[in-house]
Amino acid sequence: MTSSDNNILSRWPTDRLLLWLLRGTAAIAGSIVLLIVLFLVLDALPALQHIGIARFFTDPSWHPAEHFYNLTPMLWGTLFATIGAVLVATPLGILSAVFCQYYAPPALGRLYRKLIELLAGIPSVVYGFWGLVVLVPLIGAIHPPGPSLLAGIVILTIMILPTIALMADASLASIPPQYLRGAAALGLPRWATIRGVVFPAAKSGLFTGVILGTGRAIGETMAILMVCGNVVQAPQSLFDPVRTLTANIALEMAYALGNHRAALFVSGLFLMGMIAALVGAADRISREKIYA
Amino acid sequence: MNICRVLCRPKKYALLVALVMITVFTDVPASAEDQRTASNQLNGKLVVTGSSTVAPLIAEMGKQFESLHSNVRIDVQTGGSSRGIADARQGLADIGMVSRAMKDDERDLQAFPVAHDGVCIILHRENPVQALADEQIVAIYTGKVTNWKAAGGTDAPITVVNKADGRSTLEVFLQYFKLRASDVKAHVVIGDNEQGVKTVAGNRTAIGYVSIGTAEYDATHGAPIRLLPIGEVPASSESVRKGVFPLSRPLHLVTKTSPSGLAKSFIEYAQSKAVHDLIRQQYFVPLAD
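Protein sequence lines, in the order shown, are assigned to chains C and R. Counting in our numbering, the first sequence tops out at residue 292, every number present. Counting in our numbering, the second sequence tops out at residue 1289, every number present.
One should not assume that every hint holds.
Stated by the list, open to error - Only part of the chain C face toward chain R is listed, based on derived beta-carbon distances under 8 angstroms:
1. Pro64
2. Gly140
3. Glu252
To be verified - Over 10 angstroms on every C-beta distance to chain R, these chain C residues come out as not near it, computed from the model:
4. Val41
5. Phe68
6. Pro73
7. Arg113
8. Lys114
9. Ile194
10. Leu206
11. Val232
12. Leu238
13. Ala276
14. Val279
Source of the hints: derived by calculation from the structure; they are not laboratory data. We put the CB at the ideal spot given by N, CA and C, even for glycine.
If we strip away everything but chain C, and leave its shape as in the complex, we get (with noise of 0.2 angstroms):
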């Protein structure tokens, strides 16, 4: 405030008012954290006073209905899936910038990248139902039941590729030209030049895609939902049906009552843990990157 005061462009009325303004949607934007923080914590509490937080890891099996509430090969559930499809898709999208980038003729890179961002702005829903339909089928003839893990990595790599092939691409655009040019004149092949040179540039844009990607890959529920078979298990190999969290409270939310209700609850506040931990952990690793 008092900085503010002495800035010289506090002179005008209408920077006080813009002033205002911006303070007024930040602090809308921030409230809305908080107040689902704060609505989860209270609808979440019932089944932590009743149930008891160690209950979620300790009991036999996820079975409300029969006041059992193990949570555990849910998280599994959730980590198997993001994890795999990062891990997938992290190359995927990467290669492919570099390639639209620096390899295709750019008639092609053109299009490529038209298609990408068509990728990025299909429905959830609409892969849900591509995968339930049929990749389901597909793996199902190969290792039957079909619904599995791996149609759940599949579908969630194909989901966040675009976002992390779209930030990759957009950050390897933003490279200063000089960097490239240096490179050719110590006359380094195209590939040396990338890793080198490019590939560290541009890691700090690289790193953010793949968090995104992460972030939408824990969060995703209506696609999961129909292909990864929902049971509550923790997997034993790729070809087993899994459940994720948000899957979990997608299907029983509607039908849930009281410390059944409470317990869905809990899990939204495991991923909303999730969703905080990594955004932590990006933060400093990105942090860590640009001042090394």
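Once you've looked at the hints, dock chain R against the given chain C.
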């Protein structure tokens, strides 16, 4: 600078006031609307909530009822039979929808049957199995039989499709076969009936159960599924209507107290012969003529 401050200050407060008003106003219209709907309920708005099985049927009935009585609005919301019971009890809804027989601890509510629905076992059409005994179905669902060979089919592992906890179709199924939810060893857990039909249609070795209305509709519209008989009774609307199909359930409308006024006339309409064609269109079975 000083002049500016003096000039600016009132503006600053004005903005503060504006901000406060914005926050207040975002709340006010919501509660005002609530009050309006509350008063509308007296004038001719019925809120009906509950089973997602019954909801499409009641929504259709509601539309016809609205066209007969222009000042009436019927608001149908889904959320499961449990919600129908809870909302009717707490007065959040005028009428609850329940897709099963009433339980003993629900005697405090007034229940009105409007139609019947059967739950049937479905297989992929290319599965050679034509019928399964009750014990075989129990063995398959509890994981004691895991290959179709042991149930009279070809040598292929069985994919067991179950419903998510809380669905009334699951309750009907468990009740008839005397199973507990935790006894079932499922490979796939689904939400609604359509997803069940799609899952079985896409998997030659799957077994699942969905409501007969949905299964009959989809089977006649190209979905490669087969409806299995229970015992000797074929799974069809016909046998549900005759009351001989064991795996069936009544669809109820429930109210907290004896209905009067608008709720009463709507329930009477929903039980009348005028809506039998609507019930058949939704692949449910009307009450005995």
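Here is what the structure says about each hint:
The beta carbon of C:Pro64 comes within 6 angstroms of a beta carbon in chain R, closer than 8 angstroms, and the hint placing it at the interface holds. With a cut of 8 angstroms, the hint placing C:Gly140 at the interface with chain R holds, because the nearest CB-to-CB distance is about 5 angstroms. Contact between C:Glu252 and chain R, as hinted, is supported at the beta carbon level, the nearest pair being about 6 angstroms apart and thus within 8 angstroms. Listed as a non-interface residue, C:Val41 keeps its Cβ farther than 10 angstroms from every Cβ of chain R; the least gap is roughly 21 angstroms.
Residue-level check failed: C:Phe68 sits 8 angstroms from the nearest beta carbon of chain R, not beyond 10 angstroms. Interface exclusion of C:Pro73 from chain R stands, the closest Cβ pair being 12 angstroms apart, more than 10 angstroms. Here C:Arg113 stays apart from chain R, with its beta-carbon at least about 34 angstroms from theirs, past the 10 angstroms limit. Every CB of chain R lies more than 10 angstroms from the CB of C:Lys114, the least distance being 32 angstroms, so the non-interface label holds.
In this structure C:Ile194 is separated from chain R by more than 10 angstroms, as the shortest Cβ-Cβ distance comes to about 42 angstroms. Separation of C:Leu206 from chain R is adequate, the least Cβ-Cβ distance of about 37 angstroms exceeding the 10 angstroms criterion. With a least CB separation of 8 angstroms from chain R, C:Val232 falls inside the 10 angstroms interface cut-off, contrary to its annotation. The beta carbon of C:Leu238 is kept farther than 10 angstroms from every beta carbon of chain R, the shortest such distance being approximately 14 angstroms.
Distance to chain R confirms C:Ala276 as a non-interface residue, since its nearest Cβ pair spans about 26 angstroms, more than 10 angstroms. The claim that C:Val279 lies off the interface holds: its Cβ sits roughly 27 angstroms from the closest Cβ of chain R, which is beyond the 10 angstroms cut-off.
Comparing the model with each earlier hint shows violations of hints 5 and 11; every other hint is respected.
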